[in-house]
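Chain A is already provided as a structure; the job is to place chain B on it using the hints.
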Amino acid sequence: MSAYRDAVYCEWSPNEKVALEVAAGASLAGARCIVTMKHVGLNVAADPLMTLSYTGTVGGLVLCVADDPGMHSSQNEQDTRHFARFAKVPVLEPADSADASEFMKLALDVSERHRTPVILRTTTRVSHSRGMVETGDRVPSGKPIGFQKCPERFVPIPLWGRGMRVEVEKRHAALRAEAEKTAANRIEWGDRSLGIVAEGIAYQYVRELLPDASVLKIGWAWPFPDALLREFAGGVKELLVAEELDDIMEEHLRSLGIACEGKKYFTPIGEFSPDRIREGLARRAGKPVTPPASLPEAKDLPARPPVLCPGCPHRGLFYALGKFDVVVTGDIGCYSLGVFPPLSRIDTILCMGAGISMAHGMNKAGEPRKVVGIVGDSTFFHSGITGLLDIGYNRSASIIVVVDNRTTAMTGHQDNPGTGRTLSGEETTKASIEEFARACGIPNVRTVNPYETKRTVEVFKEAMASKEPWLIVSSSPCPLREKRKLGATRSVDRTLCTKCRMCLKMGCPAIEWTPEGATVNELLCSGCGLCAGVCPSKAFVIAEKGGCAQ
Amino acid sequence: MNGQTVGVVLVGVGGQGILLASETVARAAMAAGFDVKTNEVHGMAQRGGSVLAQIRYGKKVYSPLVPQGSAQVLASLERIEALRYADLLAPRGLAVVSSQAIVPVTVSSGKAVYPGDAEARLRRAFPRLLYVDVTAKATELGDIRVANIVVVGALSTALDIPENCWKEAIEASVKPKFLELNLKAFAAGRAST
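Residue numbers (this note's numbering), protein chains in the order written: chain A, 1 to 550; chain B, 1001 to 1193.
For reference, chain A alone in the conformation it holds in the complex:
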């Protein structure tokens, strides 16, 4: 979108609810809007969505929502198509990049003609794939900007809301009619002995494996095109449904009295792939499904899970926290990785913001240990503030740590209200976490440098002894974003290393273990010096230029 920076206004919103409300306001003023989020983000934006469906839109409004079958980087695998039915808004489902481009235009058009928000549902696989796309010129909507006062349409108090409810059903009927003739749904007739209704990426796998079969490609997933479904089912001997996650289409076909099979062969759990579709087809044909024999050479390979980067400031914080017997309610961001050994310093994760509120709840339940809640800066601004307000208001002795690296690191270093930069790179105010905490009524607010582990431990000690709420900001920028080394590369002085393995407790990817003791991989070392602070025998020394100190 940066190519259109002058013509298209873009912003990072603090959270999805705010984003959708911003878009709703802009739409009512006449502007076309796109709001992007993950499936779990739509949960946050569900409140405005449910009623925006009633008031409707003026400028086209599309929610681009990405589901994550297989949970590549999410805490659940919910199916956004349920939200379409729930909110009574149409959902389009692209199968590749070319579809995504076409369907976005279609979605804006449908939104403006039917005055409805439209969901464009994609998945991790579709979003992380690239393909050939026919580009065109941008066509501005031409709608004048200017809000037209009309309380009967935009104020859903019961008096007018009941009328809107009736309009939603009328719109639904019109959308159903359109689903029958949209180019987003198409029958590709082939061998009539088997027909497959395929949605989203499943279409690609089906086409790949069964080039001769009859396929009904579903790109407009709700409301259902009943007549088209009947026509297709009537034209084939047997009917299969290939849809990722839930059996929404399959259940609907059965409700129409159409016999079909789907989840019996194609799993509702996890992500589809050509291999999983092939397995399903083999099972259906009654053929034995033997998983490919795993290579003996690939046996016992060490797992390679994602880890906190070398030099990550979160490592120092977790190391300091590891000195205490506490329960840690965690949250969503890079610091989620603190759950893995050797740090093992996160005990729960639920959703964004829950790291703060759950700490309060555990304390109120009478948990005998101290409870520490951890959130990142971006997550704090997303939905941590209201939880903190609860702690200040209802008074629990919770210790909240905001690991503030001044960026949204896990998702690729996006700016947020604390970074002082907007999406378009302009300078703006930096929201202060400490000031938020004081405003929420937190009496003890401290800021620590997580690389100074001794000082951090002291602050924790003070907080653990207190019966009041605490907020500690662990403040240090993400070195990956800064693209700089933090200090001199370290190496191990063999004469000093006693092989005590203390350094391994930090899980730094740059520290490797050999029979001679610890060594530093100089290609990975960022020079943060945490190892030097942790080593009781001061074996981590500054590396001499061009080689290790032996």
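No wet-lab data here; the hints were simulated from the structure.
Heads up, none of these hints are tricks.
Estimated spans, in silico, between C-beta atoms of each pair:
(1) B/E1119 - A/D325: 42 to 48 Å
(2) B/G1116 - A/N394: 55 to 61 Å
(3) A/I542 - B/G1116: 26 to 32 Å
(4) A/T498 - B/E1119: 31 to 37 Å
(5) A/D226 - B/P1176: 51 to 57 Å
Think about it this way: if two alpha-carbon atoms lie no more than 20 Å apart in a straight line, the pair counts; the simulated PhoX-like pairs of lysine-lysine are:
(6) B/K1111 - A/K499
(7) A/K364 - A/K467
(8) A/K483 - B/K1175
(9) A/K499 - A/K538
(10) A/K505 - A/K454
(11) A/K181 - A/K170
(12) A/K263 - A/K287
(13) A/K505 - A/K538
(14) A/K505 - B/K1111
(15) A/K88 - A/K170
(16) B/K1177 - A/K483
(17) A/K505 - A/K323
(18) A/K287 - A/K264
(19) B/K1111 - A/K299
(20) B/K1167 - B/K1184
All C-beta atoms in this analysis are idealised placements derived from N, C-alpha and C, irrespective of residue type, glycine included.
This is chain B only, laid out in the frame that chain A set:
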């Protein structure tokens, strides 16, 4: 090619430049007039985790994912990562493997062992193996970060894409400041076969 879709798999460790390498292969295939789809999953994998990128090209490509046992080329920027994804390679496919070892934290924390016989395993697993000291070549060129393009150069020999398309692809993928270095890295990789 007989209308068959060609699959290329690139693997390694987060931070090694797999995604740029993948983009380069895709652009080269595009320049050669093929339909192309690529796929990669990063996010969590970016932080030192295992990374997998896939490119498929041909007359018309449907699935962006490479079916098991079908890739023409498997290229790995780390030696044991090639073994992890070995089942994606076709029986007569070419494996290009960097001899670089990156030890996962699971090993340094004592939970797992890094295989000491990696090279022997690679030679048994891949009948067509190009085992290259990519790190040395990249360091010789003056920047370890071009290791990814050295690997692209090495794998390029196994694909039916003309050399000028590769150059065009590199021009489109890297910053002008680093173009010459990356072209040299590509040439060094291509010569290593």
